[in-house]
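Residues per chain, in single letters:
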Amino acid sequence: MIGGVFIYNHKGEVLISRVYRDDIGRNAVDAFRVNVIHARQQSRFPVVNIARTSFFYTKRSNIWLCAVAKQNINAAMVFEFLNKMIDIMQSYFGKISEENVKNNFVLIYELLDEILDFGYPQNSDTGVLKTFITQQGVRPITREEQTNVTSAVTGQIGWRREGIKYRRNELFLDVIESVNLLMSQQGQVLSTHVAGRVVMKSYLSGMPECKFGINDKITVENRTKNQLDSTNSTNNNNPTNSTTTTTTTKTAIAIDDCQFHQCVKLSKFESEHSISFIPPDGEFELMRYRTTKDISLPFRVIPLVREIGRTKMEVKVVVKSNFKPTLIGQKIEIRIPTPPNTCDVQLLCMKGKAKHKSSENAIVWKMKRMGGMKESQLSAEIELLPNDKKKWNRPPISMNFEVPFAPSGFKVRYLKVFEHKLNYSDSETIKWVRYIGKSGLYETRC
Amino acid sequence: MAEIESKKGEIYELKAELNSDKRERKKEALKKVIASMTVGKDVSQLFPDVINCMQIDNLELKKLVYLYLMNYAKTQPEMAILAVNTFAKDCNDPSPLIRALAVRTMGCIRVEKITEHLCEPLRKCLKDEDPYVRKTAAVCVAKLYDINQQLVFDQGFLDLLKDLLSDSNPMVVANAVAALSEISEQSPQIQVFDLNGPTVNKLLTALNECSEWGQVFILDTIANYPPKDDKDAQSICERITPRLAHANSAVVLSTVKVLMKFLELIDPNSEFVQNLYRKLAPPLVTLLSTEPEIQYVALRNINLIVQKRSDILKNEMKVFFVKYNDPIYVKLEKLDIMIRLTNSNNIAQVLAELKEYATEVDVDFVRKAVRAIGRCAIKVEPAAERCVNTLIDLIQTKVNYVVQEAIVVIKDIFRKYPNKYESIIAILCENLDSLDEPEARASMIWIVGEYAERIDNADELLEGFLDGFKDENNQVQLQLLTAIVKLFLKKPTETQELVTKVLTLVTQETDNPDLRDRGYIYWRLLSTDPKAAKEVVLAEKPLISEETDLLEPTLLDELICHIGSLASVYHKPPNTFVEGRFIMKKKLPFRTGIHHEYEDITTMQTNQQQQQQQVVISSNVGSLIDDFDILGPMSNTSSTTMNTFEHTQQQTSSAIPNLLDDELSSILGLDSNVGGHQTPMMNTNTSLPINRLTTSTGNDLDDLFGDINLHTGPSSISFSSPNTLVLPKEIWVSAQKGKGLEISGTFARRNNQIVMEMDFTNKALQSMNDFALQLNRNSFGLTPLQPLQILNPLFPNQTIPIQLILNANGPIMKMDPLTNLQIAIKNNIDIFYFNCIVPIHILFVHNGEIDKMTFLQTWQDIPENNEIKYQLQNINNLSIDDLQNKLRLNNIHTITRTIIEQKEMLYQTIKLTNGIFILIELKITPGNRTIAFSLKTKVPDVANLIIQAYELILSSN
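The listed protein sequences derive, respectively, from chains A and B. Sequential numbering from 1 applies to the first sequence in my numbering. Sequential numbering from 1 applies to the second sequence in my numbering.
A portion of the hints provided could be inaccurate.
List of simulated lysine-lysine pairs, BS3-like, C-alpha gap at most 25 Å [said to hold, decoys possible]: (1) A/K11 with A/K201; (2) B/K279 with A/K102; (3) A/K320 with A/K355; (4) A/K102 with B/K15; (5) B/K739 with B/K729; (6) A/K217 with B/K279; (7) A/K59 with B/K323; (8) B/K308 with A/K11; (9) B/K323 with A/K102; (10) A/K438 with B/K587; (11) B/K308 with A/K217; (12) A/K265 with B/K323; (13) A/K268 with B/K231; (14) B/K318 with B/K228; (15) A/K293 with B/K15; (16) A/K11 with B/K41; (17) A/K95 with A/K84; (18) B/K729 with B/K228.
Rather than coming from a laboratory, the hints here were simulated on the basis of the structure. These numbers were taken from a predicted model, which means no experiment stands behind them.
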């Protein structure tokens, strides 16, 4: 199992060093610094073996996080754990920075003591950890509370404590999709997929059992007479957002794969294809899914690059929005790479603002918003310094955006809440649903 | 000076603050102490002051003190005892958080005296009412085991731990499983943990309810459970399949591991397996949208899965397309998997992608992409032309390393499709000047030599290379020599001058014996028999393999058992990178003939025996690898980028010798000088036996010099005949299994020595070197007298005979069958393991004769029920004298011969290498071919083998 966890700043100074196993010596801390952080050649692998000790590492801003082991341990688990640890730290004190780590080192040690025992990851749910590891430290806990804590840490529902009360029972569902696209120069879709997340914020009393329905092909086909549910879900749509109107023609979508938060009863999903769970309190990611079929691509980028001689290039980029005219896309940004030997760029765009950023070797074209079924164009004349060095390989044009619908066609059909002990019913719970489509890696080769 | 003083001052200040009355000041001081400790400053002097702070009833403070204690207790054991009372008190604290904290910390203090005091509190905590305390105590047992194993046994903690497997709380179960697994991994000789059906059932129930990490512990443990039969395996598979939808990738990969392992037991044609394949693909693909580090782990594992069961991901090629922003380690891995999944259906897409990658920036990645295009051409014949065109386009970019890489792969394409793409040679020739890497230069020279008749200015081109001959790399020099000789054979009239020049150069002005000898051989060949020279130098070339970089099957199987773990990331068995007294080998379950109900019990038994044998083999595998590592990194001429990583792996691992049991290392000791031997100077002046040269089929890429190996092996064997019966050589390792190396062999007894006679044939493309051989322990203690010595590389299409003298005083292990011998052969490509049978008559020693009286005495001493009778057939109708002679040659001694009741009675003895005597009585009725055979020995196990030996000898000519 994990023999130790180290945190370094960008210079390689140790900020946190917690050793769990006797086989990890003090020299391990230095070995990593010398062989990875200070290495002349950047290490090309996230796991390195130095003198029969394996180092797993990841970097967040300027901070190195490293787990060490001498045994043949579960590598996937170590990286999952490091990521989890980052999440926990972020939720306790915000950004992972040298300053924050230094200021909170006592807290970090306390957390490390709790979430790893002899190198075995233990309960690492932030919500539960926060009930008994507090920055204030001296929170007096009554006996009763203590047993609540321990039962939460070890309990079957390790992610939720008992006795939560809200005056208003409310829940928010965010369906956040990132659309990934790789398109060839000729406009042929090379690969595309949607990575979706359903993020839930729950403010519900007691131990509510929730049932979640989506327009997944299999479940929809299984559905026989639950017509009522679909009307229910439309009522719950967020009134401030115009998502209700985006009812696409297709009713059900094919989900390639989905994964759930640990609160979801997986065996029930396998057997009945129903998603039921007792949610943690507050915000959490309920589910992740992936689709590859019938994705409506919100934008299309059509590039035209002409190299005129050795010192001049002409670039023309057309962007077309491909969704309902009533909807509006936001935060649109198109990045057109330019060669490193660019000396001057003349830009002309119909809409938004475009700028050549020589430090990033790219033209950045921004548009605050763009309606559906519109088209916009940018043309650029690029002057180049004569350069004998190797040919410039054109990196792809990338794009960022946000649209108020789910490009995969994903729909929430219902979310029902049952709490048997407390006196509130499903219909009293206030529910909000919002759909956001974002760009993932949205690239067009040019 | 000032610095030391300020340091002293700092410590002094901290001391004062720690002893302050104010809690806040104490706390601040403690924090400073911990901060100093973190950066490696020595603050151990403050030990007593820190211990004093323990008394205070404040959880946060307490945790800081404990942190300090864990770090320094070892250096100050005497002082640490002071903490024991506080721990004992805390273990009885009403708060479960404090109780758990105490038990958790105590286990981390590795001071023997403290450990003694740990037992009572631990026992109590294992039965604590609060699950939080119990789950902490469970892990504490593992900690204690790490410090003092005996104590854990003596105090009965193992049983308490096993009880926790039935705990109502899933987290307690998970931690208990983790602790038990760790203990049983540390002490595989003791059955710590009986992983049986009911236990697994309990674990499967807990699986549904425990935390994500707990699920990983449980799944990793279930992976070690051997299912009873296919139904058992199937039902476990069904119960864990829902885990594939878990958000934690470790849970997903551990589930995949169990499924991949148990799939071995299930009928591959069943619907269940097909369904499972469908369910496996999506979660594996989803792993590619996680953080890059996890993607890397996933990709390394997918690489294994694709090699083992290529069907699972056959339709998922697109997801492995490289993204512009992927980290380099993800890119390289994706590319590797892409090549494996390429087939004629998706080749168009793949090729378009590869072409795109070849224009990227990272040199390693681009090279790999170019090489991949070449591999595609060789793998998918219909697409070869497109691939070649793509390569030509790339050559036209004139990017130096792209051009060189392309030329290297084009050479292989020419090999695969001769006389098809020669039109492009002109384009290749344009780039001659830009080639600066030996491999590319050598490849280009090969191409020119191979197609000399179609290149008008081939002589000019080769002459150009000849100018800087002395500065060239050895590989290029050899290639150039061969190419010019080829050219001469094809166009003798114009190039006589050139060939003389090169031959003079290599024979007179070079220090390299390989080069010089090859020069002499060519010279002699050309001057004595040009026709033979043509046959040798321009011989037809063997085929080249389609797949490259495949893992050796037994290694692959072992790695499949380690999915998700470091071994699967390194693609190396754990004992190559883990220190350990003893590491259990894992192996895939073996599918017995469950579906054939008519199979009787005996076949089941043999299956089991086979399984046991496999264990034996595999327990040696790792040691071999390790030992070879010590010899230094294996040289691999065509090492790709990934190899640099592997090399560092080897180097790091070779630093520490492996600690295995003595018997093994004594076997291994024999190999210790394989890497370091010197090539003896050869007599290269004149008298090379010419007729010998024709034994080689000849080869273009490499030299003929290797033939001289005929003389160089362990050459002290003299051949005296007549001799014992020698069976014809049979193929022990096929070229397919041996990655191009074919080994055939037999055993013989020459001059009263056991000789293993083998032919090594290289049917691969590249030359092989760094050979080593090792025998596993066996029933007769056979070990090589001296290590295998193959001084020169084995070139493609070359065969060398090897004779290895064995002696019989090595370590002994009973094999089944008794005469089974397990052999490991290593070369620069891989390690191969195989079994063969030593014919028992090879083990009959010459001095096995005893006098009449002793014979009689012994015969009577051996109890009657040890007598084995058999009817032998005198197939060749040998006369009794002939028969006696024939047996005599094989060290079966006739003691006496009499006639009783008109029947000839022969009394014979055999002595085996290990000193066992076997007494035989033959009763021969004249005119009847059936011989009544009866045998007595103290070791009846060998009886059947002896009968076989008799039959063999009698039937031989």
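Going through the hints against the structure:
no. : hint               : verdict
1   : A/K11 with A/K201  : violated (39 Å)
2   : B/K279 with A/K102 : violated (46 Å)
3   : A/K320 with A/K355 : holds (20 Å)
4   : A/K102 with B/K15  : holds (23 Å)
5   : B/K739 with B/K729 : holds (20 Å)
6   : A/K217 with B/K279 : holds (16 Å)
7   : A/K59 with B/K323  : holds (20 Å)
8   : B/K308 with A/K11  : violated (43 Å)
9   : B/K323 with A/K102 : violated (36 Å)
10  : A/K438 with B/K587 : violated (46 Å)
11  : B/K308 with A/K217 : violated (32 Å)
12  : A/K265 with B/K323 : violated (34 Å)
13  : A/K268 with B/K231 : holds (23 Å)
14  : B/K318 with B/K228 : violated (39 Å)
15  : A/K293 with B/K15  : violated (68 Å)
16  : A/K11 with B/K41   : holds (18 Å)
17  : A/K95 with A/K84   : holds (14 Å)
18  : B/K729 with B/K228 : violated (41 Å)
Violation of the numbered hints given earlier is confined to hints 1, 2, 8, 9, 10, 11, 12, 14, 15 and 18; the remaining hints are satisfied by the structure.
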